[in-house]
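*Asks:* Listed below are the residues making up each chain.
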Amino acid sequence: MLPFLIRRLGQAFLVVLTVGLLSFLMFRFVGDPVVSMSREDATVAEREALRESLGLNDPVPVQFATFIGRAVQGDFGISYRNQRPVSDLIAERLPATLELVFAATVLALAIGIPLGVVTALRPRGALSNIVQGVSLVGVSTPTFVTGIMLILLFAVTLRWLPSFGRGETVDLGWWSTGFLSASGWRAIFLPALTLALFQMTLIMRLVRAEMIEILQSDYIRFARARGLPDRSIHYRLALKNALMPVLTITGMQIGGLIAFAIVTESVFQWPGMGLLFIQAVQFVDVPVMAAYLMFVGLVFVALNAAVDVTYALVDPRLRVRG
Amino acid sequence: MRSIPALDNRLRIRGLEVLYGGAAAVDGIDIDAVPGEIVAIVGESGAGKSSVGAALLDLVDPPGEWRASEMTLDGVPIDYKRTHVRGRDISVIFQDPQTALNPLFTVESQLVHMVRHHLGLSQAEAKRRAVEMLDEVGIADPETRVRAYPHQFSGGMRQRVVIALALACRPRLVIADEPTSALDVSVRAQILELIRSICRDRGMACLLITHDMGAVAAISDRAVVMRHGKAVETAPTGQLLAAPTAPYSRTLIAAVPPVDRKIDRFALPDTGAVVSDPSLERWLRANETDAAAVPLAVTGLGKTFGARGFLKRGTPVHALKDVSFEIGRGEIFGLVGESGSGKSTLAQIAAGLLKPDQGEVRLLGKPFSAATPDRALRRYRDGMQMVFQDPFSSLNRRMSVLDTIMEPMHGVPRAEALRLVPALLERVGLPPDVMTRKPHAFSGGQRQRIAIARALAGRPSLLICDEPTSALDVSIQAQILNLLKDLRDDLGLSMLFITHDLPVVRQMCDRVGVLHRGSLVELGATEAVFESPRADYTRALLSYLPHLPELQPAS
Amino acid sequence: ETLRWANVGDILTLDPYAHTESGTSSFLHHIYEPLVRRDAELKFEPALALTWEVIEPTRVRFTLREGVTFHDGAPFTSADVVASVTRLTHPDARARGNLAGVARAEAVDDYTVDLVLNAPDPLLINKLTGVFIMDEEWLVANDATLPGNTTTGVVTYASDHANGTGPFMLESRQPDARTVLTANPDWWDTPIHNLTRIEFLPINSDATRVSALLSGEVDVITPSPLQDTERLEAAEGVTPLQNPSLRTIMFGLNVARDELHGGPNGGTNPLRDVRVREALWRAIDMEAINSRVMRGKARIAGSIIAPPVPGYEAETDVKPDYDVEAAKALLAEAGYPDGFATNLDCTNDRYINDEEICLAIASMWAGIGVDVELTAQTRSNHFPKVDRGETDIYMIGWATLPAMDGFSPLSQMLATREGDYGGNNPNGYSNPRVDEITVMAASEVDNDKRIALIEEAIQIARDEIAYIPLHQQPLSWAARDNVEIIQFPDNYFRAWHYRVN
Amino acid sequence: MSGVASPSAPAGLMGQFLASPKAMISAAVALLLILSAGFAPLIAPHDPFALGTFNLMDSELPPVWAEGGDPRFLLGTDTQGRDVLSAILYGMRVSLIVGFAAVALSAGIGTLLGLLAGFRGGWLDAVLMRFADVILSFPTILIALLVSGIARGVLPDARQGDYAIYVLILAIAINEWTQYARTVRGQTMVEASLDYVKAARISGLANGRILGRHILPNVLSPVIVIATINLGLAVLAEATLSFLGVGMPVTQPSLGTLIRIGNENLFSGVWWVVVFPAATLVMLVLSVNLFGDWLRDALNPRLG
Ligand SMILES: Nc1ncnc2c1ncn2[C@@H]1O[C@H](COP(=O)(O)OP(=O)(O)OP(=O)(O)O)[C@@H](O)[C@H]1O
Ligand SMILES: Nc1ncnc2c1ncn2[C@@H]1O[C@H](COP(=O)(O)OP(=O)(O)OP(=O)(O)O)[C@@H](O)[C@H]1O
Ligand SMILES: [Mg+2]
Ligand SMILES: [Mg+2]
Ligand code: NI
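Residue numbers (my numbering), protein chains in the order written: chain A, 223 to 544; chain C, 767 to 1321; chain B, 89 to 589; chain Z, -12 to 291.
Hints listed in this document are in silico derivations from the structure and should not be mistaken for laboratory results. Here a beta-carbon is modelled for each residue, glycine too, at the ideal position from N, C-alpha and C. Just to be clear, a hint being listed does not mean it is correct.
A partial selection of chain Z residues facing chain A, derived with a Cβ cut-off under 7 Å [to be verified]: (1) Pro32; (2) His33; (3) Ile122; (4) Leu223; (5) Phe230; (6) Val262; (7) Ala266; (8) Val272; (9) Asn276.
Starting from the given sequences, assemble the full structure and let the hints guide the process.
*Replies:* What follows is the structure, given as structure tokens:
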């Protein structure tokens, strides 16, 4: 286990460094922070002074070295936009995004898995075709359109659910959660659904493909030949095997969900990291962008590692012997 | 041998038919079995043997359907709508223990699930039963082993677990579909013995589906010979082996390589004289390299595989340890040994596909060792060709027969090649007009012939055959073996012949080496090794050999 | 009563000196107050200062209002003004430009304070309307006397806490989610409003913001997309609110270069020819743009400043008639009978329907043979590009804020780029008389003379077509019928004038 | 003895195709859309990319069948007076160019790298796969920002419209090659362990030839399946990027840009500006996906 962890750590370090380099390269080009930071009628001298003080006139390698040097110490600097420490901003926004991603994942699994099983058991049945068709329409529609449509239906027309925000949040230490209030639950539903739609379809298809494959396998045939009831074969035996790759993909996709939360969060005004990032991009808030990107990279590596470990725990063949 | 059983049949089948999309895979078969009796169903691949088993379990794959005019168990018609028919009345033992067990559940949970479902036992009783069952199938220390996962058992033990699962509810009839063909010789004998004793002790009837005549001879009471969905002969085993009456039965029996003596060729009625084109013969011989060079010499060969797999756990495997031997011109050298003994590793090193860690190989005088640079390998492989075990993966499924065979013909003009390929195909017993087809259009035996033709097209002096027939059924195996022998005789090919099938070795090889855990424990002339083995391991191996005393002497 | 106010963006910070964004100022005005504020007509009106007088050209004396307390109960005195001015003029303060020209503040007594200037400044009072006063004791007690700064790494308590004298007090703040204000019961002024609570709810997405209004989750949205006006009019219980604003949208024209980025055009820069500039202007059908793109809510402009801004003159504000033939004739006269090629750079997230306006105009210009390559991009890319002089024709909007005075475009957009002047004139426009006027107007304390100077410069700019003005874009808000709202042309939200019924 | 034809034979594929109405309908719809996009300049009544050809005074006309419709504009006009039908046809062209190019690029790169990684193994494999991890941790959106930012920096005088399409293609391709690479790598490892590859090696083929002649054709079918499905995803990704403002410029709107613009007019009653492009996009993605799905099932012998 130890060499594994060490390898993972090394890998995490490399990934984050690369991401850091890439994001750093990116800042040079997304725009000029000075414009957003100064008054509309700032004089040329004022702008120049600001640029100088931000170190934007230094040679690029110097800037990169400074940036990485501070980043490895966990210091991502201070946001250009809010003048608050970036780590605070990220910590403040993290709960919202993670709760959204978590809710979306749960929703995707809760709907995707049963649908996948149902469509696998009758791969050519009418129900299977309908479910697959509807889910495809869902993923064929751009997220931002789906989001607005859901708002129009559930918030404006039916007035069942709120169209924006997180509802009431409760602070548990530094973590602010929306799961402890009724309005929080109501608020998370639409964004989570919007975000989950793609994953849901993915999981459904994956479960379906895996189930079809597994249902043909020898051990399922053997189970059948021993007269075990279909329900227990499908849901107890086959599903457990089919869920292994689903676990991997779901784990990996969480990274993608965090990224896709950018769109969902800006449609639903969900006060998470995606919203923070998109605003940072508009403002050319370099420290926030850098921290966000490196954070997402880190989450990705961590998820990868977590998936591997879980895999090893769930699959007895991979468990450490002795 | 016991006499034909009385009328108190346990199983009685009349007029069983299995249809796949209109084509009859089983075409009206009658089978009977009495308690305690093992009825073997034999026949070539595709004869419909497994389909009989599937029909009995009502598990014929969807597009297929089955019907029978009569199907009774202990005189009562089998009603598949009842829940406990499968598993409690009729059970099954599958072929491959590697895939038949769900890897994610412990043996205990699989057993408990099974007995609780069928017998409605309490959790505690079911657990006790699980332990009993493991004990019964001969797994030592069942109390602890019961909580293990399938991957923690060896192949033989897994097959025992499969049997435990099949028999946990004490069925009256068990169908064993190739229960031993995935197992090593030593394990195979034990498993057969286990099935035999359980049937006898419990009075359970068993349908043993197999193409292993050794197994048939060893444990079955009666045998049904199937061909093209029909039973061509049903007779007590001893009688069938000694004096088959139906022509097909005779061919089948003749194709079984005898263990106890060497025969020249298998007496197969339908393989006539091989057509041979003299110009092909000339072309094939034109490449003969320096006659003095020893085709293959292996000295002090060693190979260790690092630990592999997830998280790099496990210990290194010494696949080969200090192996030395030589193959003379025109000689067929046999290499035997149980699974994992290093046979394929040796073949791959000899073929220059894998680098040895220690020692050296000389192929027609060209050296190959750990120090040989990769770019020298293409030269090294000149004059050598290989025939692989699995005829399905050894042909590129997207390449036509013509392209496949032409591949090793370097520098042969296309027009010439277009003339040679049909001749080669004829040489291996295939009609030349199959050239344009792709592999999926051929049966296993036919594919193996194509693979041999491809090997010949490389005009080798040395042919390495890694288990060339173990994927084929006996009658096809006999044909391929005959073909290889003819090629050796006609072309003077030298061969490294790898197999785990001792009878085959006896029929094919001039000399034989026995590998055990990577070491060559025995080396000598085949007859000498068979008659008076020196190594203990060889003796043990030979003792597992099935005895087919009733087999009539082949002509 | 609670007013739920959804705005397009969140405020950047609660620290009034750490940002330069007018939206944030507008919000903070509810918590903090300046010495002088603008009334409902945007005229100056005493706030924390009762009176002021220039006692020396570079010294202005303020008499402060007595009996004012900060939200934490501390009294407001001259020390607070001194501390605030010191903090704002600190070199690290992001907003120090808002008080450029002020050297320091000196307390005369508890309720009298002097501002010492570097040079006479006719716009001092204008500037002071945007200078919010903070509490000295509170700053000291919370170690917030230094303004927050990205470079120095100073993080200030004031960025997420607030203590002002204004009509509302901060109750809670969750960035990008909700900031809640409650009415200040001890406010020195007599409230017109009947609000007890303001919930400030940023909603970035236009469609979501409108949805929130339609679904009754918010009471007022700022801004409300123009194209949704009809829908909002039709909807039950909500009303769109539209009024002209101060912001003039115009095109800058690059005359600095010998050739345009958009094409060689025979080695010339056509934009240098005033006839070409006029042709371009004449070829724009502003009526069409106003009726279609702006839903008739914009005010078509001929001048670069809006009517309420000092320096505005109706005579200057004339747009040449839309006349394609005349435009073609002018081009031919200037030597471009077949038109020419140029780039057009626009924002797509800064002004109302900016992208649509540019697309429509590009299409109109194509009609007189001008081959336009249109780039519409985000502001953080647009403005640096403009500033580097890499554009030929570019869109810019100017509201003269926070000063709200004609001197702002004069010094920033018309004066030749040099020293403190011409910060927004990257396109090489230069007129000696305009430069002369700029210097004079900068220190002219006689307001009438000053206005005359500015009027002259703006007239010159109009005659030479230094910029092509398009329109004053409207303020477009929408609210539930039960809220009474006044829209101010400077786009400030002044909730102490609003009521919820 | 008789040869048995396997169910996944190519001849069977056509047969299966003709037997599946789902496959035929989706293929027909996809083909129709692709062709009409391809021939947009010939069939579109107007040229929506030519700035001088539309008139603001024609803006927001409803479709012909609605009250106030104008026969010149079958599906009405947008807020600029552009013909919605023509804009859709041209926009689909842009979307499809982006989609096809991105898919071709990513499939090409991914297949090549996957082949090398799977065949070579060792450090090359490790480096490529870790690199893929890094790429994966950078969502498409961020890559698009990065690429467009770098393009802007590298080509300082270039105009956004000129390279936006390449930026999009590159951004999507950079993100998606990893999928192909991973799949092809796995498949290559399986194929490379099969005996026919050893046979080819013994026959004296060089590694390059083995890869090209033997392995490539055998790993291609999953690539084709992923490609069809990714074509839809690429079109969608382009739309999302346009929504975030890094997509195609307004002067050359893609379907995504049209939807984004239309989205701004969602409440204003000019529904045709958003509904038609969105419906076209959904139809396109859906038909391509359905076809890809069918292809995957058809190429899977277990489902045959
Ligand atoms: N699911 C199926 N669909 C169509 N045809 C099938 C199916 N299963 C078996 N067959 C065909 O039925 C015939 C009999 O097959 P079966 O598996 O019973 O043969 P077998 O005697 O068990 O062969 P082997 O020794 O190779 O196991 C073969 O021709 C086979 O191709
Ligand atoms: N590439 C490899 N990496 C690691 N270990 C290997 C590798 N190939 C073979 N081995 C191990 O080397 C030993 C010898 O394997 P080999 O394939 O030569 O046996 P074999 O005699 O051909 O067996 P079989 O009869 O099953 O084909 C086995 O323990 C096997 O697990
Ligand atoms: Mg079988
Ligand atoms: Mg082997
Ligand atoms: Ni046959």
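*Asks:* Does each hint fit the structure? Answer for all of them.
*Replies:* Hint check results:
Taking 7 Å as the C-beta contact cut-off toward chain A, the hint placing Pro32(Z) at the interface is violated, the least distance being around 26 Å. Restraint check, His33(Z) versus chain A: the minimum CB separation of about 25 Å is more than 7 Å; hint violated. Annotation: interface hint on Ile122(Z) violated; nearest CB of chain A at approximately 10 Å, more than 7 Å. Nearest Cβ of chain A to the Cβ of Leu223(Z): about 6 Å, under the 7 Å cut. The hint holds.
Using the Cβ-Cβ criterion of 7 Å, the hint placing Phe230(Z) at the interface with chain A is satisfied: the shortest such distance is roughly 5 Å. Using the Cβ-Cβ criterion of 7 Å, the hint placing Val262(Z) at the interface with chain A is not satisfied: the shortest such distance is roughly 10 Å. The interface hint given for Ala266(Z) is broken, as the beta carbon of that residue sits about 10 Å from the closest beta carbon of chain A, more than 7 Å. Checking Val272(Z) against chain A: minimum C-beta separation of about 4 Å stays under 7 Å; hint holds.
Hint on Asn276(Z) holds. Least Cβ distance to chain A is approximately 5 Å, under the 7 Å limit.
Checked against the numbered hints given earlier, the structure breaks hints 1, 2, 3, 6 and 7 and satisfies all the rest.
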